[in-house]
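A.B. asks: Taken in order, these protein sequences are the chains called A and B.
Residue numbers for the first sequence, in this note's numbering: 265 to 647.
Residue numbers for the second sequence, in this note's numbering: 265 to 647.
Wrong hints could be hidden among the right ones.
[Stated by the list, open to error] Straight-line distance between alpha carbons at most 30 Å, and here's what the computed BS3-like set of lysine-lysine pairs gives:
#1 B:Lys605 x B:Lys339
#2 B:Lys579 x A:Lys542
#3 B:Lys542 x A:Lys507
#4 B:Lys313 x B:Lys506
#5 A:Lys605 x B:Lys507
#6 A:Lys338 x A:Lys271
#7 B:Lys579 x B:Lys542
#8 A:Lys313 x A:Lys637
#9 B:Lys579 x B:Lys506
#10 B:Lys542 x A:Lys521
#11 A:Lys339 x A:Lys521
#12 A:Lys283 x B:Lys521
#13 B:Lys637 x B:Lys271
#14 A:Lys283 x A:Lys313
#15 B:Lys283 x A:Lys526
#16 B:Lys507 x B:Lys542
#17 B:Lys521 x B:Lys506
#18 A:Lys286 x A:Lys271
#19 A:Lys286 x B:Lys521
#20 A:Lys542 x A:Lys283
#21 B:Lys271 x B:Lys339
#22 A:Lys521 x B:Lys313
#23 A:Lys506 x B:Lys526
#24 A:Lys338 x A:Lys521
#25 B:Lys313 x B:Lys542
#26 B:Lys507 x B:Lys339
#27 B:Lys338 x B:Lys313
#28 B:Lys506 x A:Lys605
#29 B:Lys506 x B:Lys339
#30 A:Lys507 x A:Lys339
[Unchecked claim] Derived CB-CB ranges, DEER-like:
#31 B:Ile604 x A:Gln473: 56 to 64 Å
#32 B:Tyr535 x A:Thr382: 31 to 39 Å
#33 A:Gln519 x B:Val570: 50 to 58 Å
#34 A:Ser334 x B:Val570: 19 to 27 Å
#35 A:His479 x B:Lys521: 50 to 58 Å
#36 A:Thr642 x B:Gln536: 48 to 56 Å
#37 A:Ser334 x B:Lys521: 39 to 47 Å
#38 B:Lys507 x A:Leu524: 49 to 57 Å
#39 A:Thr518 x B:Glu594: 28 to 36 Å
Simulated from the structure, these hints should not be mistaken for lab results.
Glycine is no exception: its CB is placed at the ideal position from the N, C-alpha and C atoms.
There are 2 protein chains.
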Amino acid sequence: MTQSLAKHSVGVVQPQCIKFQKPLTLACGLQLPNYELMVETYGELNAAKDNAILICHALSGDHHAAGLHSPQDKKPGWWDHYIGPGKPIDTARFFVVSINNLGGCNGSTGPSSIDPATGQPWGSRFPHLRVRDWVHSQARLADYLGIDQWAAVIGGSLGGMQAMRWSLEYPERLRHCIVIASAMKLTAQNIAFNQTARQAIMSDPEFHQGDYLLHNTLPAQGLAIARMIGHITYLSDHGMGKKFGRDLRSGSFTQGKNELVKFQIESYLEYQGDSFAKSFDANTYILMTRALDYFDLAREYNHDPVAAFELARAKFLVLSFNSDWRFAPERSAEIVTALIKANRDVVYGEIESPHGHDAFLIPQQPRYWDIFKNYMATIEVSN
Amino acid sequence: MTQSLAKHSVGVVQPQCIKFQKPLTLACGLQLPNYELMVETYGELNAAKDNAILICHALSGDHHAAGLHSPQDKKPGWWDHYIGPGKPIDTARFFVVSINNLGGCNGSTGPSSIDPATGQPWGSRFPHLRVRDWVHSQARLADYLGIDQWAAVIGGSLGGMQAMRWSLEYPERLRHCIVIASAMKLTAQNIAFNQTARQAIMSDPEFHQGDYLLHNTLPAQGLAIARMIGHITYLSDHGMGKKFGRDLRSGSFTQGKNELVKFQIESYLEYQGDSFAKSFDANTYILMTRALDYFDLAREYNHDPVAAFELARAKFLVLSFNSDWRFAPERSAEIVTALIKANRDVVYGEIESPHGHDAFLIPQQPRYWDIFKNYMATIEVSN
Numbered sequence: 265m266t267q268s269l270a271k272h273s274v275g276v277v278q279p280q281c282i283k284f285q286k287p288l289t290l291a292c293g294l295q296l297p298n299y300e301l302m303v304e305t306y307g308e309l310n311a312a313k314d315n316a317i318l319i320c321h322a323l324s325g326d327h328h329a330a331g332l333h334s335p336q337d338k339k340p341g342w343w344d345h346y347i348g349p350g351k352p353i354d355t356a357r358f359f360v361v362s363i364n365n366l367g368g369c370n371g372s373t374g375p376s377s378i379d380p381a382t383g384q385p386w387g388s389r390f391p392h393l394r395v396r397d398w399v400h401s402q403a404r405l406a407d408y409l410g411i412d413q414w415a416a417v418i419g420g421s422l423g424g425m426q427a428m429r430w431s432l433e434y435p436e437r438l439r440h441c442i443v444i445a446s447a448m449k450l451t452a453q454n455i456a457f458n459q460t461a462r463q464a465i466m467s468d469p470e471f472h473q474g475d476y477l478l479h480n481t482l483p484a485q486g487l488a489i490a491r492m493i494g495h496i497t498y499l500s501d502h503g504m505g506k507k508f509g510r511d512l513r514s515g516s517f518t519q520g521k522n523e524l525v526k527f528q529i530e531s532y533l534e535y536q537g538d539s540f541a542k543s544f545d546a547n548t549y550i551l552m553t554r555a556l557d558y559f560d561l562a563r564e565y566n567h568d569p570v571a572a573f574e575l576a577r578a579k580f581l582v583l584s585f586n587s588d589w590r591f592a593p594e595r596s597a598e599i600v601t602a603l604i605k606a607n608r609d610v611v612y613g614e615i616e617s618p619h620g621h622d623a624f625l626i627p628q629q630p631r632y633w634d635i636f637k638n639y640m641a642t643i644e645v646s647n
Numbered sequence: 265m266t267q268s269l270a271k272h273s274v275g276v277v278q279p280q281c282i283k284f285q286k287p288l289t290l291a292c293g294l295q296l297p298n299y300e301l302m303v304e305t306y307g308e309l310n311a312a313k314d315n316a317i318l319i320c321h322a323l324s325g326d327h328h329a330a331g332l333h334s335p336q337d338k339k340p341g342w343w344d345h346y347i348g349p350g351k352p353i354d355t356a357r358f359f360v361v362s363i364n365n366l367g368g369c370n371g372s373t374g375p376s377s378i379d380p381a382t383g384q385p386w387g388s389r390f391p392h393l394r395v396r397d398w399v400h401s402q403a404r405l406a407d408y409l410g411i412d413q414w415a416a417v418i419g420g421s422l423g424g425m426q427a428m429r430w431s432l433e434y435p436e437r438l439r440h441c442i443v444i445a446s447a448m449k450l451t452a453q454n455i456a457f458n459q460t461a462r463q464a465i466m467s468d469p470e471f472h473q474g475d476y477l478l479h480n481t482l483p484a485q486g487l488a489i490a491r492m493i494g495h496i497t498y499l500s501d502h503g504m505g506k507k508f509g510r511d512l513r514s515g516s517f518t519q520g521k522n523e524l525v526k527f528q529i530e531s532y533l534e535y536q537g538d539s540f541a542k543s544f545d546a547n548t549y550i551l552m553t554r555a556l557d558y559f560d561l562a563r564e565y566n567h568d569p570v571a572a573f574e575l576a577r578a579k580f581l582v583l584s585f586n587s588d589w590r591f592a593p594e595r596s597a598e599i600v601t602a603l604i605k606a607n608r609d610v611v612y613g614e615i616e617s618p619h620g621h622d623a624f625l626i627p628q629q630p631r632y633w634d635i636f637k638n639y640m641a642t643i644e645v646s647n
């Protein structure tokens, strides 16, 4: 870690594993008798305990949102560009809490954890989770940390769904709700991509109906395909064209030469798929995509998002990116329209970006940075 | 076949298999010593032999473009809505020739055919084909049929690429070139989807490096996933939303109930994938998608499409559909711009349709029908 990096970095951070012994009843009716959550925090909780921010992660995220795990670490946390001293989520002002969600595969209790009842990995028997289950488990984490009210709950994509659900389940426990590149519910096309990804995993013969760990194997090929499908849809056509175009990795189109041609984009995608398959759990991928598909903000409010948001007490910031076709600006506009009709306080920004859905993670987007930072600066906290 | 259907149908048709004994040198430098093409024709070739139309099929098409194979047949050919008496491709005026391309899996010589040199299926050893190879083999078919000049060469998607290549390889052998929902070359995103589909097939353990027939098996799971990926991208987000929305096939979201939910779109896609995998050859799918990826109209013309089209002598009709995001209207506009700069005669129509890339196959689109039919009516043929 160089000195210049250190200035705007939260530095070396230490994840902690928090054990919850009280059973958690899930939306599906099953109970988790006990569970663990992996957590990182950045900044200091103030005496009034009113400067805490919860970061909710997306499909493949985890608790490691900022900083490094050791000075030798090459890659910082997944949202390091936006969390740290002087950054939009300013750790000089805020106490930031980032967790690996229940069902995850980075230390929190999930399908690859050992089920204490059997002494074997949960695998296929791990309960299906909904976004509200995460919100309930995060509320317990807030209790544990002594945080009655979050200054803000923030999330992109699936994380934005958690932030919105927070505003309805615990209206008094957050002052600001920040929803980036998200939606009140997925479209059929979005479900279709997720289902195809799941199908790729489940049809891998190494999947064993989800109990691959019992068979000492992994459905790595299927998970790699799933990631490739996802990855294409998180980028924009234009962005991919600019980065890769039709550049070749190997071979040529010389006539009379019998050789296979490989495009750069092909090698890139295969690399992405393979490295993801080495670091992520297939059951978690299935669980997370199902939670995405199942989420429907207003389902329990007579399918009326206005009636739903009338329960919210937070102020909202909603952000979208014009090249994001997986969570299109139209989806964010629907959120904003419902919030306005429900008389909620909302700031909306549609940001021009070539980066597609991934834009919410990507640095050097001045307009995104400015809106995000300025909004965060309006959040009042005690000294 | 009911009487009313018969009126606008080409009726019962008989495919024929044509054997070519002269070796065909391919773009890759290899030679096919001999080969067969499956062909269907509709209508009558006139005495002047100037009313012949060549239909070039897309990725998963074949020679059976119109009519029925028996009176009991439930499903007509793939472009039956647009080929027949009184239809845009009017068989009362035109002699229509439709073929299964070389490398196909519906009767023409392809990877699942027997290689006469070994007595075993070609499998992985079948040569890689380019769009120009199809055009050359189609020119030989024209010779065989005694057709010096096509009244028109017509194709959608990959078929449009063949039509454009025809206009450059044999400028004097076609009077009209009709290019629907196509592109001069694929974008990186498009290649990425094709590559992910191929990867799904090739990582199926039943693939055996393409020699699955020698192992008496089929990579059916991989091919089903490949088709699911393709299918999503041939439809539009809006169209899928309208047709399926978030309707459920099974299960419910009732809280306290531990059941898996299945959306209609999921069942639909799985059905599409599985039935495709039963009827199509995986090596052909790989070969066709590679031909799509490799196609670059102006590669051999110093990457200048204007210089390329200056060689063309045909008149052009170019059509696109506004909801087609796989072969977006921008791609058609690029074709039209190049044609105009090359002083070619071109009619362009961008058609409003909710059906995405598949729109070119779908009936009851009055604007598409009208432009297509009116243009075809301008094609002069002898009595």
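A.B. asks: Given a hint of 39 to 47 Å, does the C-beta separation of Ser334 (chain A) and Lys521 (chain B) actually sit inside it?
C.D. replies: Given about 45 Å between the Cβ atoms, the range holds.
A.B. asks: Below or equal to 30 Å on CA atoms is what counts here, so check Lys271 (chain B) against Lys339 (chain B).
C.D. replies: Measuring from Cα to Cα gives roughly 16 Å; hence the hint holds.
A.B. asks: Lys339 (chain A) and Lys521 (chain A) were given as a pair; does the straight-line alpha-carbon distance stay at or below 30 Å?
C.D. replies: violated (42 Å)
A.B. asks: Is Lys313 (chain A) within 30 Å of Lys637 (chain A), Cα to Cα?
C.D. replies: At roughly 21 Å apart (the allowed maximum being 30 Å), Lys637 (chain A) and Lys313 (chain A) satisfy the hint.
A.B. asks: Quick one, are Lys542 (chain A) and Lys283 (chain A) close enough, alpha carbons at most 30 Å?
C.D. replies: Cα-Cα ~27 Å, so holds.
A.B. asks: Please work out if Lys283 (chain A) and Lys313 (chain A) have their alpha carbons no farther apart than 30 Å.
C.D. replies: With Cα atoms ~22 Å apart, Lys283 (chain A) and Lys313 (chain A) stay inside 30 Å; holds.
A.B. asks: Holds or violated: are the alpha carbons of Lys338 (chain A) and Lys521 (chain A) at most 30 Å from each other?
C.D. replies: violated (42 Å)
A.B. asks: Taking 48 to 56 Å as the hint, is the beta-carbon distance of Thr642 (chain A) and Gln536 (chain B) inside that range?
C.D. replies: Once the Cβ atoms are compared, 49 Å apart, the range 48 to 56 Å for Gln536 (chain B) and Thr642 (chain A) holds.
A.B. asks: If you check the beta carbons of Thr518 (chain A) and Glu594 (chain B), does the distance land in 28 to 36 Å?
C.D. replies: Holds, at about 29 Å.
A.B. asks: Are Lys338 (chain B) and Lys313 (chain B) close enough, with their CA atoms no more than 30 Å apart?
C.D. replies: Status violated; Cα separation ~33 Å.
A.B. asks: Next pair to validate is Lys507 (chain B) with Lys339 (chain B); report whether the Cα-Cα distance is within 30 Å.
C.D. replies: It holds: about 21 Å lies between the C-alpha atoms, which stays within 30 Å.
A.B. asks: Is the hinted pair Lys605 (chain B) and Lys339 (chain B) satisfied, with a Cα-Cα distance of at most 30 Å?
C.D. replies: Violated, because 43 Å separates the two Cα atoms, which is more than 30 Å.
Checked against the numbered hints above, the structure breaks hints 1, 2, 3, 4, 7, 9, 10, 11, 15, 18, 22, 23, 24, 25, 27, 33, 34, 35 and 38 and satisfies the rest.
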